[in-house]
Structures are given as structure tokens and as C-alpha cells.
Amino acid sequence: MLKEELIKRIVENVLQGRRNKDDEGIEEDYVGEPGVAELVQEALDNGIDTNTILLEALSKGMKQVGEKYETGEYFIPDMLTAAEAVEAGMKVMEPHLASAGESERKGKVIMATVEKDLHDIGKNLVSIMLKGAGFNVVDLGIDVPAARIAEAAEQEKADLVGLSALLNTTMVNMEDVVKELENKGLRDKVKVIIGGAPTSDDFAAEIGADGYGKDAFAAIRVAENLLQSGGKN
Amino acid sequence: MSERGVVVAKPYERLSQEQVELVHQTSLDLLETPGILCYNEEAVALLEKAGATAKKTREGEHDAWWVSIPEKVVQKALDSAPTKVTLGARKPENQVVMDAEGSRVYFGTGSETNYWLEVEPETFVSKQDGREQVFPVTKKNRGSLEYLCRSAHLAEQLDNLDFFLRNVNVQDSDISGENKDVNVFFAALNYTTKPIVSGVADPEQLENVVAMAEIITGGREQLIKNPIVTFITSVIKSPLQIVDETADKLMAISKLGLPVIISTSPQGGSTAPIEEFGMAAQVNAETLAGIAINQLANPGAPVIYGAVPVRARMDDLHDMYGVPEFCHYNMICAQMARYYKVPCYSTAGVADAKVPGVQAAVEKMFTYTAVPSSAPDLIHYAFGLLDKTQTFCPEQAVLENHQIAMVKSLYRESGVEAGEAGRIKSMIEEVMNSPYRLYARFARKMLRRGEIFPGFPFEGDLEEEDQTLLAAHDKLKELEKQEPEHLSEDICKRIFEQIPGLLPRLNPYKK
Ligand code: B12
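Chains as they are written, first to last, in the numbering used here: chain A, 1 to 233; chain B, 234 to 744.
Do not rely on the hints blindly, as some may be mistaken.
Unchecked claim - Listed below are several chain B residues computed to face chain A (Cβ distance under 7 Å; list not exhaustive):
id	residue
1	Arg-291
2	Gly-293
3	Gln-404
Stated by the list, open to error - Below 25 Å or equal to it, Euclidean Cα-Cα: the simulated PhoX-like pairs (lysine-lysine) are:
id	chain 1	residue 1	chain 2	residue 2
4	B	Lys-587	A	Lys-214
5	A	Lys-184	A	Lys-106
6	B	Lys-289	A	Lys-116
Said to hold, decoys possible - Chain A is nowhere near these chain B residues, computed Cβ spacing over 12 Å in every case:
id	residue
7	Glu-326
8	Pro-354
9	Gly-376
10	Val-476
11	Ile-507
12	Leu-550
13	Lys-710
14	Leu-739
Honestly, the hints are just simulated from the structure, not real lab data.
Ideal Cβ positions, reconstructed from N, Cα and C, are used throughout, including at glycine.
Modelling step: build the complete structure from the supplied sequences, incorporating the hints.
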């Protein structure tokens, strides 16, 4: 297949939210056709470099998905599925990116719902969308103690920690994470962003976090801004 | 027999008998494979002892077990779960008496809103003609104990409100995780004589809450007979997961023999399939798993089938209530609970709208009309809930008291009976032979008996303005002037002496 043709088909499959050949698309008759993972592999086999795949295929596809969401043609389920397709492509590229020094990912993010809180619909949405936007996300799950989050940030050499809380009784545990990072001497290397219904810009400032995102789009924006201005690890 | 609530004449059945059985069978299949993912070791042990098989795994930071529950475990639990459950009340005439084989529906509040939104009349001057006009403006504050007390007091005054489910989240600076439960239960019990329903935030506090209720009823035995407190446990995290700490609470409450609602709230499109069949099969399986744990902990303990299926909003994945799918899900669950002969806790009223107004009225009337038609025993999230459970508005609750009156009237018996035919025919004949051919005189008896539905009580008399909210505000102020029926001085004294953590400012007899 021609290079242009391959790139076009990756974009198309991101729009259809197809990780691999077994996935259905939004439209009919896709099952069995190569998905993003297979197409990215084929692109690599054909010598197309990772940067081109990332920018001209995966990111471009995701950008179009975003535009379709803005105009009301796409909904959150479409966004999530597309982001998962991008993530599947990133996985295939992973070994090649590592050799290129990971420079092509936007940065490493640790995501977690804080201790005693089990809510994760919003956190998962943010994780998937950040992955779709090109971040390398390590999701620790729910009810995660502050110490564990700080430890993971250290081990993973994270650039950013994203915290979620949906209860006014658990949002206070976010401050503990900031403190744990300080104790470990990591606070100047790791940015902290928070979100979840009871939190706010004011609350982020109050506990010494670097940013707050009201939804997954804001999460991407805030993360990009912080990592651009603060620089990656 | 209780006169509260309303008997729905012929419950609407969305599913045929074969479809009900298909949902049931699909749920049983799901409980075997993939089974449930249980985070509570004691619950796993209970299920295993009853015949389930479990396999340990690790989920993130936690131990968990895949538990495959065979049909016989579920069937045994359903056999021992009682058909009749009573929510007790300080005043026995306010008891909510549920019979899963009947079709009486009761309405109550719900959620734990972070905000309280009040209406304030404000005068504006028109820029066009200088005319002064009064408009309702809204004011939003964080939930507090004072608002909870006001809500419970309002609940007492609203005649179509049958049970009080703590509705605002108390966020006062002197409230902590440790003293929240006792203060929430005391505030509710001290301001309404209707049944109280709430979750417990801190499992350690269950004992104190029960001790408080025992002081009021006169002991454990009396409390079991008249359980003035009912507990909700959100023991399921969809899809198909049993939450560790909540399972502990569920088993503890079950052992006490107090009524408990097994609540599960999957969101169609995110944590459950969006299609009715998939949603019904999953939410039903989840509720059955909860009932199994409850009945294994204490066979015969009063339990309520608390499915709260909702739909995801497609542009942000928040909950969505004022939509047909939400009604479909809930109507099916009411049917499933009836099939199992277990009382059902269902949902209607809560709006997606953030403030009272046209959107709120449309959404509320829609679910109020649809869901009760299938005759679940309890309808929660009624009265004043806005912004998909985030906000409570007392004026809105006053308006809904009337909407519920309309619904109650809608589903009563038609009165088409053989014994009445003769009277109807002679009435029509008489009118046909009278000078003006009017039926007015024959309307009077029904009118006096209260069988003719009154007009909208918040109509207002201005030609060009909607005065509904202002009228509801006036009505609220009038209701708020009623003296609260507090617990007696002696009871309060004993409660404050014996129950730790109560805030003195809640004591109505404190000098
Ligand atoms: C679904 C739900 C549940 C589910 C959770 C399922 C799941 N897998 O997460 C279940 C049933 C398990 C549950 C349990 C409980 N819940 Co609950 N729950 C909700 C509900 C209805 C929706 C939350 C949700 O998923 N929203 C949709 C997502 C997409 O939105 P979101 O989470 O806000 O996330 C977005 C943004 O906030 C932001 N964001 C989120 N995280 C992050 C992180 C970062 C870094 C950034 C930048 C942005 C960001 O981006 C997201 C995407 O747009 C809310 C009500 C509400 N209106 O919020 C109550 C609510 C949060 N729960 C509440 C309560 C009380 C509970 C329980 C205590 C018991 C109960 N009464 O049900 C338990 C507590 C369990 C525990 N220990 O955590 C209360 C909280 C009140 C309070 N104290 O503050 C609420 C507000 C409901 C209410 N009014 O009563 N709940």
C-alpha cells in the first residue's frame, strides 16, 4: 500500500474507533478489515517513521474526532473509542519510540482516584483522553493511598500526577499527595492536576496543586500547558 | 392498613412474562459467568459456604475475588427474603407498609446534594417603560445541617411525601467523618415523624445510630417492630463489583434485622449496556448478588430491591434522568422485583435541569408519569432534586408535592363497575329530560369527597407573567412557619447523654 493510502486509512480507522481487525466501526462492514494496530504495524514495516505516523495519522485523526465532537456529530462514546484506537497504535509504536528516547510522547502521567474514593468514570475518561492526546498514562486505579501515588511518580519518573475525587470527604486526600511528593523532594519535577465534581480552581490553589480541569478536554489543555511551560522530566 | 402512598390500579408491564423470565435467566447466567468481582473477603466466604466458587485475584491496590454464584444460591436468598417490609416511623400512622405482591407506591426524597438552592423574590425595573416587576432569583449555598433540618421539617409538612431520605450533604466545619452519621440521623428524626432512610458514612457509627433509634422506640425489640431508621447500602459498583467497606456495612445491618436497601446505580452507556435488555440483565444480577449476601448474613432479614439504573449523557457521560431510557430501565426493574416478590426501591422526579423552570417541569412530570405506572413500592429522588442530584431546592419540592398529587390521582381505580351502571344511566336520562341539560348538580358530591382534582395551586393572577415560583416560595414560607414536632425533652436528654458526637446546637431544648 502506498504511504499516503496507509496514513489515510489510519486516520479513517481512528475516526471509526477501531483498535484492531476484530473491532466494529461506527459504520457497517468493518469487522475483519485491518484496524489502527495492524495499519500502524504495516506503516512501520514500510519504513514510515514514527513521527509521521504520530502527527499525520494518529494525532490528525484525533483532531478530526475533536472537531466532530465540537460540531455535535460525535459524542463522548465516539471520542473514547477513537482515543482507544490511538492508544492501540501507540502501543505498536512503543518499542520504536523507546529507542528514539520517548521524545515523541507528550509526557508521562500518573492518574489515580484518591484514597477512600471509588468513583472512576470521570478519571477513566480523563485517562483515556490523555492517552488519545499522546500522553503516556499509568493509571493506578481507585482508592489509592497518597504514598503509593508518590512512589509511582518516583518509579515511573512521571512529569504529571492527575488526581480525581468525587466526594467532599475524600478531596482533602489530594493535599496529602502534594505533601508526599514534597517529602520525596519531587515536587519541582512533577506537576499535579486535580479534578472531580467537588474540586475547583480555588481548591487546587489551596492545596498547592498546579492546575484544575473541569472536564477531560480541560485536563488535556491544562496538562499540555503545564508540561510545555514547565518542561518534561 | 396504611393510607399513605397510592395504589396503582393496574401496574403497567413493559415486559411479557417470557421476557421477564429471559431477563431473570440472563442475570443468573451472568452471576455464574463472568460472575461478580467481590472485594470483601467475608462476603466471599459467605457465598462460598452457600455453594459459590471463588478465585482470588488482584485489582490495582486491592485483593479481590471472582465469584461464580450458582442459581441455587440466588433462589435460596429469594425464598427467604420477605415479601412485606415496613419502614417504621415515629408516628405509627406514617409507616410505609410495603407488600411486593400489592401495588401501593410511596414517594420520598433522596440523594445527598452538595448544594441547596433557594428562591428569592427580587424587584426589577424595566428599562423599556420603567415598570417595576418582581422576579424570582435563585441563590445557591453549600449543604449544611441547618438545611437538612429545614428539609426534614418541610418533609413533615408535604402531604404527598411518605419517607425522608436524607437529601442534603452536611458540610459544616464542625462535621467530620466520625460525627456525621449521628448528627444526620438525629436532625432527621428530630424534624419529621415520617420514616427516615439514609446510608451510614462511617461503619463505626452504625452502632450509635441504632442506639439512638432504640432510645426513641424504647428498645431493640420495639425498633425491629417499628424500624424508624432504614439503611441504604451502595454495595455494588457497576459493572458487577462488590465494594469492600460497604459489604461490611450491609452484613452488619442485615445481622441487626433492620431494613436495608441494596442500591446499585449502573449508568447505561458507561458502566452498563445502554440497551434495555443488557441494562436489565446486569442491574438485576447486581441487585440479586446484594440480596444473596444480605440473606446469607441473616436469612429472612428485611431487604429492598434497590435498582437505580440511569442513562449516561452522551456529551459528557454524566447521569441523565429526564429521558425515556431511564423510564424503561426503571419500569423493567419494578417488574423484576414484583416477579421476585421483593419490595422495590425505584426512582423518579430528579431533573437534569439546574434550576426550577420549564426544563425541570418537563423532565419531572415525564418520569413522575412513567415510572410509578409500573408500581414500584418506593420512589426516591422525588421532591426538589435538580442538576442530576447535585442540588436541592425547597420551592421545587413544594411544586412537586402537587405534581405527585396529580400522579396519584392519575393511577387510581377507574370506577367502571357493574354496580354503578344503573346510577350512571338514570343520571344521564334525568339530565336529558331537564331544562338546561347540565350535569353540574351531580358533580357536587365528588367535589366534596375530594375526588375532583383541584386546579394548579400556583397559578398567579397576572396576565403576562409566570408567577409559579413566587407562589411556591410563599407557600414554602407558610409551611416553614409550622411548629416542628420535635422528639420529647426526655428523649433528647437521653440521646444527648448517651450518644457521642452530637452537636449541642441541634438540641431543641438547650437553653
Ligand atoms: C456514578 C456515581 C457513583 C458510582 C460510581 C461508579 C464509578 N465507576 O465511578 C457508585 C454507585 C459506585 C457511587 C458510590 C458512592 N457515591 Co457516588 N456518584 C455517582 C454520580 C451519580 C456520578 C459521578 C460520575 O461518574 N459522573 C460522570 C463523570 C464523567 O464526571 P466526573 O466524575 O465529574 O468527571 C469529570 C470531571 O469532574 C473531570 N475530572 C474528574 N476527575 C478528574 C481528574 C483530573 C486530573 C482532571 C483534570 C479532571 C477530572 O473530568 C471528568 C470528565 O469530564 C455522582 C453524582 C454527580 N452528579 O456527580 C454521585 C456522587 C459523587 N456520589 C455520592 C455519594 C454520596 C456516593 C456514596 C458515598 C454512596 C451513595 N450515596 O451512593 C458512594 C461512595 C463510594 C466511595 N467510597 O467512593 C455523592 C457525593 C456527595 C459528597 N459527599 O460529596 C454524589 C455527588 C451523588 C449525590 N448527590 O448524592 N457513586
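Status of the hints after comparison with the structure:
1. Checking Arg-291 (chain B) against chain A: minimum C-beta separation of about 11 Å lies over 7 Å; hint violated.
2. The interface hint given for Gly-293 (chain B) is met, as the beta carbon of that residue sits about 3 Å from the closest beta carbon of chain A, less than 7 Å.
3. A cut of 7 Å between beta carbons decides the hint on Gln-404 (chain B): the least distance to chain A is about 6 Å, and the hint holds.
4. This hinted pair checks out: Lys-587 (chain B) and Lys-214 (chain A) have alpha carbons roughly 17 Å apart, not beyond 25 Å.
5. Using a Cα cut-off of 25 Å, the hinted pair Lys-184 (chain A) and Lys-106 (chain A) holds, with the two alpha carbons roughly 24 Å apart.
6. Under the criterion of a C-alpha separation no larger than 25 Å, the hint pairing Lys-289 (chain B) with Lys-116 (chain A) is consistent with the structure, at around 22 Å.
7. Listed as outside the interface, Glu-326 (chain B) is consistent with that label: its C-beta sits roughly 37 Å from the nearest C-beta of chain A, beyond the 12 Å cut-off.
8. Pro-354 (chain B), annotated as away from the interface, keeps every beta carbon of chain A farther than 12 Å; the closest lies near 30 Å.
9. For Gly-376 (chain B), the requirement that its beta carbon stay farther than 12 Å from each beta carbon of chain A is not met, with the minimum near 9 Å.
10. Its beta-carbon lying about 6 Å from the closest one in chain A, Val-476 (chain B) breaks the requirement of being farther than 12 Å from that chain.
11. The claim that Ile-507 (chain B) lies off the interface is violated: its Cβ sits roughly 9 Å from the closest Cβ of chain A, which falls inside the 12 Å cut-off.
12. The claim that Leu-550 (chain B) is not at the interface with chain A is violated, since a C-beta of that chain comes within 12 Å of its own (minimum 5 Å).
13. No Cβ of chain A approaches the Cβ of Lys-710 (chain B) within 12 Å, the least distance being about 29 Å, so the stated non-interface status holds.
14. The Cβ of Leu-739 (chain B) sits about 20 Å from the closest Cβ of chain A, beyond the 12 Å cut-off, so the non-interface label holds.
When each numbered hint is compared with the structure, violations occur for hints 1, 9, 10, 11, 12.
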